[in-house]
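The lines below spell out each chain.
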Amino acid sequence: MKKLRFRNIGTFSVLFSLLLFCSGCWSSKEVETLAFVTLSSFDYTQINGQDFWTAATLTMKPPSSQGQGQGNTSGSNNNMEQLIIGQGSTMQVAIRNYTAKLPAVPFYGYATGFIIGEEAAKKKAPEIIEHYARYWQTRPRDIILVCKGEAKEILKAGGTTDRSFSEEVSQFIDLQATNSGKSYGMYFSTFVSWLTSTDRDAVLPQIKIIPLEPDNKKSGDNPKTEGSIIEGLGVFQAGHLVGWLDQEQTIGFLLLTQKINKGPFSIPVQKDKTMFNYFLTHSTYKVKPVVTNQKISYQVTIETKGEIDENNGLPLTKEDIAQLEPVISERLKKILTATVNQAKTYQADFLGFSEKLHKQDPKTFHALGSEWRKAFVNANVEITVKAKIISTGRLKEKLVINPTD
Amino acid sequence: MFMIVISTAILLIPGITAEKAAESAWLSVLIALAVGIVNLMLIYYLGKRFPKLTLPEYAGILLGKTLGKVLTFGYVLFFLIISITVLREFTDFLNMNLMPETPPYVFQTGLMIVAAYAVVKGIEVIVRVNQFILPLFILSLAVLLALAVRDMDLNNLQPFLDKGVLSVLDASLVPIAWFGQIVVLVFLFPKVNQAEDILKNGILGIIAAGILLTFINIATITVFGPEYTGEMYFAFLYLAKYIKFITIQRLEFLVIFIWVSGIVVKVAVMYYLETMTLVRMFSLKNKKYVLLGLALLNIIPPNLLFESPLDVGYFLKNIWPSIGLTFELLIPGLLLLLTIIEKKKVRRYH
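For the record, the sequence lines run as chains G and B.
Following the numbering used here, the numbering of the first sequence begins with 1 at its first residue and continues without gaps.
Following the numbering used here, the numbering of the second sequence begins with 1 at its first residue and continues without gaps.
Do not take every clue at face value.
[Claimed, not checked] The list that follows gives simulated cross-link-like pairs (lysine to any residue, SDA-like), each with its CA atoms no further than 20 Å apart:
| # | chain 1 | residue 1 | chain 2 | residue 2 |
| --- | --- | --- | --- | --- |
| 1 | G | Lys148 | G | Leu212 |
| 2 | B | Lys163 | G | Thr364 |
| 3 | G | Lys29 | B | Pro100 |
| 4 | G | Lys359 | B | Ser167 |
| 5 | B | Lys163 | G | Gly369 |
| 6 | B | Lys244 | B | Leu254 |
| 7 | G | Lys286 | B | Leu157 |
| 8 | G | Lys305 | G | Val327 |
| 9 | B | Lys244 | G | Phe188 |
| 10 | B | Lys244 | G | Arg141 |
| 11 | B | Lys244 | G | Gly185 |
| 12 | G | Lys359 | B | Leu157 |
| 13 | G | Lys359 | G | Thr257 |
| 14 | G | Lys363 | B | Ser167 |
| 15 | G | Lys61 | G | Leu34 |
| 16 | G | Lys363 | B | Asp162 |
| 17 | B | Lys163 | G | Thr198 |
| 18 | G | Lys363 | B | Leu157 |
| 19 | G | Lys262 | B | Ile246 |
| 20 | G | Lys29 | B | Asn95 |
| 21 | B | Lys244 | G | Asn179 |
| 22 | G | Lys359 | B | Leu154 |
| 23 | G | Lys29 | B | Leu98 |
| 24 | G | Lys363 | B | Leu161 |
| 25 | G | Lys359 | B | Val165 |
| 26 | B | Lys288 | B | Gly110 |
Keep in mind the hints are simulated off the structure, nothing from the lab.
From just these sequences and the hints, can you work out the full model?
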């Protein structure tokens, strides 16, 4: 009897495994028949009142063709990726048109993400995001970037190193964007979560084209003169791109919205006409909404820790450090104030202040209704910065160099 | 019981409850848990009054032969609705996330063959398979939830009750109907070896399912925010796709294992109850034809009744709670009331 039961369970397990592993044979594909998409871009414009989309994509070249034709590529993809462009009246038509140029089936399961062009981000970002979110191969950790001008130009320009462009970009977002203070490591799901939230606006890391240093240019008939780097942020209000944050404002955004513990951010500070550098390694932030007589204000407290190892000749005794800290605090306060003012100019609460108000005082927030952005613009923001210098590197007060005779 | 409740709930409940109750959706699951325990007690005390009989048998005693058969047939339809919906959810999940080109009938037929084998071999085989799957199921869920912790932002759970208490109560209707599927016990009561332990073990099972489901709800809301979670069909699958811990990623295969294995058990139980109830109801000697007929009734309608996943979503949110609560709470409740009124009749069957 027991034997029989085990046989039954065994047969059941075999049938179950067959169901689990074999029922998808219809959807199976050979690797050789797939074109692995690594990074895509969407551009949009209107021509004679008609929508005009450009979808571009980088796909991995088949191993046999990698390394051929060095110095003869359209971009910086270092012969690992090839650029394919399609155009059409809808996003899908544009995608279908670039698909027609591929001998294999595009596969997005290993794509790193996509870039939105300026015009598309201004006018059609919600549509692009919704389309991407509905697609079954989209992954929540796909990266998403925005650029000035056309996004396909970024794909053409490629990266700045010898690695594949998509790998370069995704690694920078994963490891460097937030930690270096250059931009923000945004993923698709976080961006959608911010876009769909009822109390905050969103930002996207900005990718831009730069001229390449001579060492990085490829030799040959067609040398590579441009590459792309991630720097700064694009600001979205109600799902549409409304402006940009420069380098300092990006640092301001990070300090006002993140707990920094992996820096350092390099912040140049001036004291008595001498420039030195504050390496910000840690920071905490506290945003406290205060509602008095139906007037909303925010008390922001930022505490930072960092070190000075580029002192430009400034002595670093205990007394000197005590004098430098207020100077750094003042400099950081200026950066933060500029960021808050920029947010108010764009009427976009990407700093999450209204979100804080919503969570702390939902009654007041709901009373604002659709005017919550206006309330943020009118709110007084009081910023307090306490900057500490916790290290001066491996040296003490000053490295005394003997003058030559 | 645990598997019947949680196997399909893990993927669908977070999206459905977050759509209505936003950041407080997790509370709706806890409310459902409490109602589920009440439901179990109701079923237990009803079954205890007829320890050797199943619902079709004592429904005839309490309501008369004709009404008893009508009620029993109603339950067969109820189980059929559950299995048809589950089969459609199963194919939608695989078509939308994994194998878009495979025809739905392939998945449904494959699953029904496995379920039919289990039904032919009896409830014990289904239970033993469940015993084998259960630890793997819980372990997979625990791994996924543990790895999601570092991406959770608990601030997303605030402000508490932002949409009001009513929205949470409204959101709890769907999970209440889900927990109510433990009503299968009224058909299995005489088959349980230690009937006196049903209440204790059942409550433990419901609490475990409720707590796990609450954690799953909290995890999806804290990672994706309430609004985005509410927009998704399969929020928990998306969470598994999001998890990245050092080099550990692409863990959705665990969700697929959980989902497929859980659904096989659930469909097998429903199929078993449909078959055995019909066989007993019409005193049939050969159950093969019933099995075949019911297999066709399970495979064909999912694609005819629901044109798209939108229809399934609409059914689960708007129609299913009233059907579920009628068969899971109302009818057993009324039958229990009848047993109290007609004490003499009941005493004979102890």
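Hint-by-hint comparison with the structure:
no. : hint                   : result
1   : G:Lys148 with G:Leu212 : 18 Å, holds
2   : B:Lys163 with G:Thr364 : 14 Å, holds
3   : G:Lys29 with B:Pro100  : 12 Å, holds
4   : G:Lys359 with B:Ser167 : 18 Å, holds
5   : B:Lys163 with G:Gly369 : 14 Å, holds
6   : B:Lys244 with B:Leu254 : 14 Å, holds
7   : G:Lys286 with B:Leu157 : 19 Å, holds
8   : G:Lys305 with G:Val327 : 14 Å, holds
9   : B:Lys244 with G:Phe188 : 14 Å, holds
10  : B:Lys244 with G:Arg141 : 9 Å, holds
11  : B:Lys244 with G:Gly185 : 14 Å, holds
12  : G:Lys359 with B:Leu157 : 9 Å, holds
13  : G:Lys359 with G:Thr257 : 15 Å, holds
14  : G:Lys363 with B:Ser167 : 17 Å, holds
15  : G:Lys61 with G:Leu34   : 11 Å, holds
16  : G:Lys363 with B:Asp162 : 9 Å, holds
17  : B:Lys163 with G:Thr198 : 12 Å, holds
18  : G:Lys363 with B:Leu157 : 16 Å, holds
19  : G:Lys262 with B:Ile246 : 16 Å, holds
20  : G:Lys29 with B:Asn95   : 15 Å, holds
21  : B:Lys244 with G:Asn179 : 18 Å, holds
22  : G:Lys359 with B:Leu154 : 11 Å, holds
23  : G:Lys29 with B:Leu98   : 12 Å, holds
24  : G:Lys363 with B:Leu161 : 12 Å, holds
25  : G:Lys359 with B:Val165 : 17 Å, holds
26  : B:Lys288 with B:Gly110 : 18 Å, holds
Checked against the numbered hints above, the structure violates none of them.
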